[in-house]
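Chemist: Protein sequence lines correspond, in order, to chains A and B. Everything in the first sequence is counted per this note's numbering, starting at 1 for the first residue and increasing by one. Everything in the second sequence is counted per this note's numbering, starting at 1001 for the first residue and increasing by one.
These are computed hints drawn from the structure, not numbers from a lab. A hint or two may mislead.
[Unchecked claim] The list that follows gives simulated cross-link-like pairs (lysine-lysine, DSS-like), each with its CA atoms no further than 25 Å apart:
no.	chain 1	residue 1	chain 2	residue 2
1	A	K151	A	K108
2	B	K1265	B	K1361
3	A	K3	B	K1181
4	B	K1142	B	K1292
5	A	K244	A	K151
6	A	K151	A	K39
7	B	K1415	A	K39
8	A	K2	B	K1444
9	A	K201	A	K151
10	A	K208	A	K108
11	B	K1444	A	K3
12	B	K1265	B	K1181
13	A	K176	A	K39
14	B	K1415	B	K1352
15	B	K1361	A	K195
16	A	K201	B	K1415
17	A	K272	A	K244
18	A	K176	A	K195
19	B	K1142	A	K42
20	A	K2	B	K1142
[As the list claims (entries may be wrong)] From the structure, some residues in chain A lie toward chain B, with a derived Cβ separation under 8 Å:
no.	residue
21	I9
22	V13
23	F24
24	Y166
From the three backbone atoms N, C-alpha and C, an ideal C-beta is built for every residue, glycine too.
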Amino acid sequence: MKKFIRSLIGFTVLMAVMYPPLLFIWGDAMPYWLYTSLKYSKGHSSTIVMLDEARHTKNPDILILGSSHAYRGFDVRIFGNAGYTAFNMGTSSQTPLQTYVLLQRYLKNMHPKFVIYEVYPGTFANRGVEGATDLISNDINDSLSYSMGLKINHLITYNTLAYGYYHDFTRGVPEKPVADLAAEDTYIPGGYVEKTVTYFKNVPAGKKHDIIFDNKQLDAFEKSIALLKRNGIPYALIFAPIPKSTYNSYKNSAALERYFSRHGDYFDYNKKVSLDDSLHFFDTNHLNQRGVELFNRELLKNNKIF
Amino acid sequence: MLFNSLQFASFFIIVFIAYWLAGTRRLRLQNALLVVASYYFYCSWNWRFGLLLAFSTLLDFYCARAIAASVRHKKAWLYTAITINLGLLAFFKYYNFFIGSAAQLLESFGFNTNVYLLSIILPVGISFYTFHGLSYVIDVYKGRITPTKNLADYSLFVSFFPLLVAGPIERATHLLPQIQKPRVFDYSIAVTGMRQILWGLIKKLVIADNCAYFVNQIFADYENQPASNLVFGAFLFSFQIYGDFSGYTDIASGVSKLLGFNLLKNFNYPYFSRDIAEFWRRWHISLTSWFKDYVYIPLGGSRGSRAQTVRNVFIIFLVSGLWHGANFTFIIWGLLHAVYFLPLLLAGTNRKNTAIAAQGKALPTLRELISMVVTFSLVTFGWIFFRAANLPRAIGYCRRLFSPSLFSIPQFENKPYALTVLLLVLAFIIAEWLGRENDFAIEKTAVTWPRTLRWLFYCLLVFLLILFMSFSEVPFIYFQF
């Protein structure tokens, strides 16, 4: 029995020692697309190029924050045509935990005149793993990445974070980052990602459910709002349009609205723009370019923002 | 409390330490500790289940003693035990199914029915421990064993936590003697147990749970998928159910080894079978042998006329299907296997393939390979009925399967994940093939290597487990039976 316990302890120690090198070797040698609990995919979203641009952007009229609903829903060219400089800092599955990290990293340097915070409720009910791995892979990792990882407390985030630090340490930051996007996606300077127009064909009837907010996300959201207020930057909370089939599946929409209204000027554009699930969206979540144009034009009429 | 949860890991570490600290000389204390741990484990689902388990245990314990003590009423005691055991199983598992089906049938003939269906939860593992108890009383009746006088020993036989909720279905002749004699900690057996647990976890978390992601999607929405996706779904379900159930068995067996017990083998590389008869000698062996010993042979087995033998085979497969669940899908699944089995029986070739395929060789012959692929395809087709939510959906799935889109390339939203799962399954098949002559695939792998290399190999396996494990909590499929 003593021998067994000794072996068990010995093996556990060896495992702890071997784990990081195995992880680093795996990350270096294996293709990024393999579906594992190490999700380090540098340059496989628009984030890397957008953040590089963000480092050199000063005082835009509008800074847009949020998930893919933001970077696929707010076309900076439309704002530009209306005379506003806009920068879209939306990242893949960005939850309030990632928004707070981004604000801490970029707000001071960028100092926008106004912030549009896209508050898709799904991101508040999400643990934030996917958003974290995108940010870890495509931004420079500092102590903020570490504290974000601890809050998420998920093996995928820990693995990606460990590899992220290793990657940053051994390779540094690329001088001219390039994003390897899907063929139908085009990165537009200013952070917007345009997708070739496709239509949402099989609209499923969304199953009725409650959106249950994650307390850590609420905490991060409230800290972000407090940070904006401390820096004297006005902001608006926008719920960008999603297909009606998805929108109507939320049973607690009124409670969500009450929560957001308590934290600033809140505008639900699902109630303000009349869109068709098939014609103006390309999946259960995202506007296609036609939908984006209609939504953005309506948004520009909002005299509390513009 | 799932085997693949941190909760179970903590529970087992405490049990393991307390069990061996109790000392091998204090057998009663060790057994009592295991009974308490087993009831705690079982009641973690629902404490009411514990009452049912206790009732079933007491019933069989006293009936077996009455059978042994009685001269004239042996049969009466046996029938009492069988009736109550099967009655409980029927009540919890089949009442709604039979009443609902009867009502549907009557309504189809124009009768008005107003049946009362019960909203009852199926107690986890009831089919398994009921069969434990039944085998015990029948064996006592047949004189194969003498009943134990120690209730704690018998309770442990029925409730032993590694096998309580999903088997293997143990026999008193095999497990009770192990319970009754002192267990000694054996280093090499314990290490083998750890290896088996690791392999079981890989099967469950890496293979089964990753397959489950696509299987659930495809079976839920088969109407809108190309036929090639349905083939992929059925193929993956074959590995999901195998990884899930045999993974569970490996963990159960490994945990038992750490406690000094040796459980019956439940799987023996079934997907390398060359015909359906061989498949059933290698798949869920403890259930197959249970039905053979307690149903098939008492019915006459293959000793009667050919027609009687065919009848007995159909009964066995029908009952086996029904054992899995109260649904017509399981009945059709069972009957389908009976139909697969029939030609072998009639040709007298059902015992042709007894040794593992390509024994002692690296690769199978072309003939063996074709036989394995055909058998696997038949089994996979059967799994469609096993997996489908109901019979109309199973038939719909099969109909759509044979459509022109069968020859298209499968389409998935998450292609990298689908490709990863496919690669994992292929790697798994290779690992199983290489280890097919052992108890479990990695039983002998690396054991003769120097310790440093051996440990590095296990480090790599643990690393791959962590890297590829699925994070969605998928319950073990056989818990529902």
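Chemist: State for each hint whether it applies.
Modeler: Status of each hint after checking the structure:
1. A:K151 x A:K108: holds, 24 Å
2. B:K1265 x B:K1361: Distance of about 23 Å is within 25 Å: holds.
3. A:K3 x B:K1181: holds, 24 Å
4. B:K1142 x B:K1292: holds, 15 Å
5. A:K244 x A:K151: violated, 33 Å
6. A:K151 x A:K39: holds, 18 Å
7. B:K1415 x A:K39: holds, 15 Å
8. A:K2 x B:K1444: Distance of about 23 Å is within 25 Å: holds.
9. A:K201 x A:K151: violated, 38 Å
10. A:K208 x A:K108: Answer violated: K208 of chain A to K108 of chain A is near 41 Å, above 25 Å.
11. B:K1444 x A:K3: It holds: about 20 Å lies between the C-alpha atoms, which stays within 25 Å.
12. B:K1265 x B:K1181: Holds - the C-alpha atoms of K1181 of chain B and K1265 of chain B are around 21 Å apart, at most 25 Å.
13. A:K176 x A:K39: holds, 22 Å
14. B:K1415 x B:K1352: Not satisfied, since the Cα-Cα distance of roughly 42 Å exceeds 25 Å.
15. B:K1361 x A:K195: Distance ~55 Å between K1361 of chain B and K195 of chain A Cα, so the pair is violated.
16. A:K201 x B:K1415: Holds: K201 of chain A and K1415 of chain B sit about 20 Å apart, inside 25 Å.
17. A:K272 x A:K244: Since the Cα atoms of K272 of chain A and K244 of chain A sit roughly 13 Å apart, the hinted pair holds (cutoff 25 Å).
18. A:K176 x A:K195: holds, 23 Å
19. B:K1142 x A:K42: violated, 69 Å
20. A:K2 x B:K1142: violated, 44 Å
21. I9: violated, 12 Å
22. V13: Hint on V13 of chain A: violated, closest Cβ of chain B at ~10 Å, above 8 Å.
23. F24: violated, 12 Å
24. Y166: Given a least distance of 15 Å, the restraint on Y166 of chain A is violated.
In summary, the structure is inconsistent with hints 5, 9, 10, 14, 15, 19, 20, 21, 22, 23 and 24 from the numbered list given earlier, while agreeing with the others.
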